Amino acid sequence: MSIEIPEPDQTIMQRRAEILAGLSEIVHADCLITRQEECRAYEADALTAYRRIPMAVVLPTTTQQVSEIVKFCQAHQVKIVPRGAGTSLAGGALPVEDGIILGVSRMTQILDIDYANRTAKVQAGVTNINITNAVAPDGFFYAPDPSSQLACTIAGNIAMNSGGAHCLKYGVTTNNILGLTLVLMDGTIVTLGGDHLDSESYDLLGLIIGSEGQLGIVTEATVRILAQAEGARPMLMGFQSPKEAGACVAAIIGSGIIPVAIEYMDKPAIKVCEDFAHAGYPLDVEALLIIEVEGSDQEMQDLLERITEIAQDYHPSLCKISQSEAESSRIWLGRKSAFGAMGRISDYMCMDGTIPTGTLPHVLERIDQIVKSHGLGVANIFHAGDGNLHPLILYNINDPKECQSAEKAGAEILKLCVEVGGCLSGEHGVGIEKRDLMTEQFTQKDLDQQMAIKSALDPHWLLNPVKVFPLQGRPQPQKA
Amino acid sequence: MTALQTPKSSQEAAEIIIKALQSGQKLALQGGGTKEAIGTPMTVSQTLSSANLTGITLYEPSELVIAARSGTPLSEIEDILAQHNQRLSFDPPSYQSLLASAGIPTLGAVAACNLSGPRRISHGAARDSLIGMELINGKGDLIKNGGRVMKNVTGYDLTKLICGSWGTLGFLTQLCFKVQPKPETQTTLVFYDLDDHAAVSLMTKALASPFEVTSAAHISPDWSANQKQARTMLRIEGFEASLNYRSAELTAQLHPFGKAECFNEQKSALLWHSVKELSDLEAQETDLLWKISLKPTNAPIMAAWLRNSYDAKLLLDWSGGLIWAALAISPNTEQDGAAKAIRHRLNELGGHATLIKAPKNVRQTGLSFHPPAQQMSKLIKAVKQSFDPYGIFNPDFMPQKQGE
Ligand SMILES: Cc1cc2nc3c(=O)[nH]c(=O)nc-3n(C[C@H](O)[C@H](O)[C@@H](O)COP(=O)(O)OP(=O)(O)OC[C@H]3O[C@@H](n4cnc5c(N)ncnc54)[C@H](O)[C@@H]3O)c2cc1C
Ligand SMILES: Cc1cc2nc3c(=O)[nH]c(=O)nc-3n(C[C@H](O)[C@H](O)[C@H](O)COP(=O)(O)OP(=O)(O)OC[C@H]3O[C@@H](n4cnc5c(N)ncnc54)[C@H](O)[C@@H]3O)c2cc1C
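The listed protein sequences correspond, in order, to chains B and V.
Each step along the first sequence adds one to the number in this note's numbering, with nothing skipped, and position 180 is 851.
Each step along the second sequence adds one to the number in this note's numbering, with nothing skipped, and position 3 is 318.
Treat the hints with caution; some may be incorrect.
With a Cα cut of at most 27 angstroms, we get these calculated DSS-like pairs of lysine-lysine [unchecked claim]: (1) Lys1116(B) - Lys606(V); (2) Lys742(B) - Lys334(V); (3) Lys543(V) - Lys1116(B); (4) Lys792(B) - Lys606(V); (5) Lys742(B) - Lys696(V); (6) Lys334(V) - Lys1116(B).
Rough simulated footprint, nothing fancy, chain V against chain B, three-plus residues with beta-carbon under 8 angstroms [claimed, not checked]: (7) 742-754; (8) 926-936; (9) 1036-1049; (10) 1072-1080; (11) 1100-1111.
The set of hints was computed from the structure by calculation and includes no laboratory data.
What you are looking at is a predicted structure, and each value in this text was computed from that prediction instead of being measured.
Every residue gets a Cβ at the ideal spot worked out from N, C-alpha and C, and that includes glycine.
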């Protein structure tokens, strides 16, 4: 495939034995993986078209160990790719051959739960769902809910500023984190924020969240937890045209109702998800909305009635309110397993642009044309309330020509998103996948400003260096 | 006298910055200038103002976004939003009466100061609503970050950094905020005669309920002459039927704290306006005003200490997460406004304190902003350096490390 990955630095590769020996002095043998066959388990994330076997995988258990590893790597000019669960769809956790994977998968403790102040302090390797699991018995939850939440870690969520179906109401990761413990490239351990609101100085928390593992290693986080709603109820709404579905979304939001979630699926996506989850999705519609509201029974009833009334102007062919807990969970299972279900029938590339919601019908039409012009198929599944699209471009990963076509179609779709006033990535991050498209959205000066921060915190560009910024136009890394 | 520069375009502003760079001059950055009374007084020969950078550049009610140039008065934004039954959810205050200022608060300063009101606890701060910006950095380069869509993780998020940077990183020229539909109506439950401890306990319980309390504050009787009893207030917003249900549930669950009085929409709105603007404080008589951010359950401890140590009037907002403390000038405050003592106490409790209003001699001590911990200075310097490598914006206004 066509994204350039620089050749490994041979002077580092030759010092492999010495580097591994140094690392083995910092962590216990069972926290250090060096055999190539075992390192292969870490060769890719969920962007499986790109693979590199790292020199070693280090799985520390404490912040102190992370600090020592980082210090050692900086002293020996060894590159570091931080890793959570490796579910990045952008290649964010793709290893480099002349560097190590620093994984937080052994740092999974919940350190403290404070219900009065509604916070939980956790180690960075805890999975997203396990935070909610820990507080759910007491009626609380952690709001951002990426579909990968069973596997992905809070560290990965922080690095990518991940979202989820329910962020229309509750915000994304950056709106739900109060504090972090961060290890800087020189090994300094800093605490940002805490259990109070707002920062006494620059909002460094806001900078680190979404910085794709390029500015420091996150080892702990204080997250906001929220009281669960009394109840939640989704409804299904089917339309004969994407245009009407899109207009209906705008009308609901314009009316002053912000549902907890408004998810969109097109016909190909509905079919695949229905086959997988038997969620009761209609197979005879062109577009399906899953709209969820929260509150008491009466409140949910009222809201869904209002929404149904607004929708009438857009001629829905189906309006079906979930009648039971079981039905609701099937409806969400279908949506949350969409990517996995699609993966069973075809290889796909998952796009993640965001567009102004008013341009939705136009953009959907253009996506269809673009993908067809490359001889491929597409399924659309996305967060309609905030315009965050996930076209899945279907292709055969073993056919080099189709791979190229898929990448080309993907790039055209993302350019389209920028062209209509949106952006390249709404929640998955840039990683390597969108790295070379950054100049579509940003001027060199815009990128220079971002890279100036990178250089100030990681002068040698050792931390996840291949990602985010196009290889051309980078500042010279400081010499060791 | 400082020369006032009022560029009409980003281009002109960039030229002014480049000229200042070339001649080795520093620049004070200003919106409406209402906040001149905060922070360390600066000695600069030039002020760069957004006064002529005005006007709304984009408003799409159905997409819930608004963008405007940085000098646009906040009131203009609020007016047009209100016409479409929308609002800035973070509730930015203007503090005009408190600061007795003649200037017009601007949208740029709302971002630069990360201004947010009582709804902060449910809807986030200005930093959570700012989705895009354009600014000119200290090299004279026009930079954009974010955009006009709500979900955007393309590149580093610099918008959060700008919020609360008080004009020390760059000159903002344009901002884009997400907005929110105005709920149909609001109601406030008021509980009387609780002490700080009981009040915080009530407020944290209410926020841990599913009833979506959007603001929670506690005013003690000493806060203003208008008030004889302590009042603890919970605001809920939404459709009328839903509010009836939720206020009944809250009243029942919080029954141990006493009987609640229910304020209707109009009374509720007035009440929260006065909390947001601190308008019950007599501006003339308020010499020292502290804004203290800490975890809610520590608020009663901090409040007790403040009352014991000083002649203090206190308002607890953000369910206790924010203490407004108006202190009288006295032998133990006249030197540094009590900065050292307050921050010493906060070292134990966690949190930070900003001196919002103080006589000039106190502000000259450079203690208005909370000095960041030593370990943070490297990060803070890196950020400042990357935006403003020659240190030309608002010099010395915010401390970058302890003891500075
Ligand atoms: C003494 C005082 C203390 C205050 N403290 C707080 C507080 O702690 N929290 C809070 O939420 N509100 C605070 N406010 C309120 C707030 O300052 C005003 O409400 C705000 O709207 C001021 O608008 P302005 O345009 O007059 O800002 P100004 O007073 O002109 O500027 C305020 C700050 O923003 C910066 N700034 C303004 N425009 C730009 C721009 N275009 N680019 C870059 N930087 C810019 C300035 O450099 C300055 O640091 C305070 C106000 C006063 C008077
Ligand atoms: C089926 C599926 C569904 C998905 N659904 C969603 C969704 O709904 N919403 C969404 O936003 N995303 C979604 N994703 C993408 C992905 O799950 C998220 O990006 C997630 O946050 C990645 O977490 P992770 O633990 O797997 O991180 P990884 O993939 O291991 O790493 C992601 C990034 O984080 C960095 N990183 C990891 N740990 C650290 C650390 N300790 N310190 C600093 N940087 C670190 C890595 O270097 C990398 O850049 C989905 C992915 C899949 C496969």
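- Query: Where does the structure disagree with the numbered hints, that is, which hint numbers, in rising order?
  - Reply: Hints 1, 2, 3, 7, 9, 10 contradicted; others consistent.
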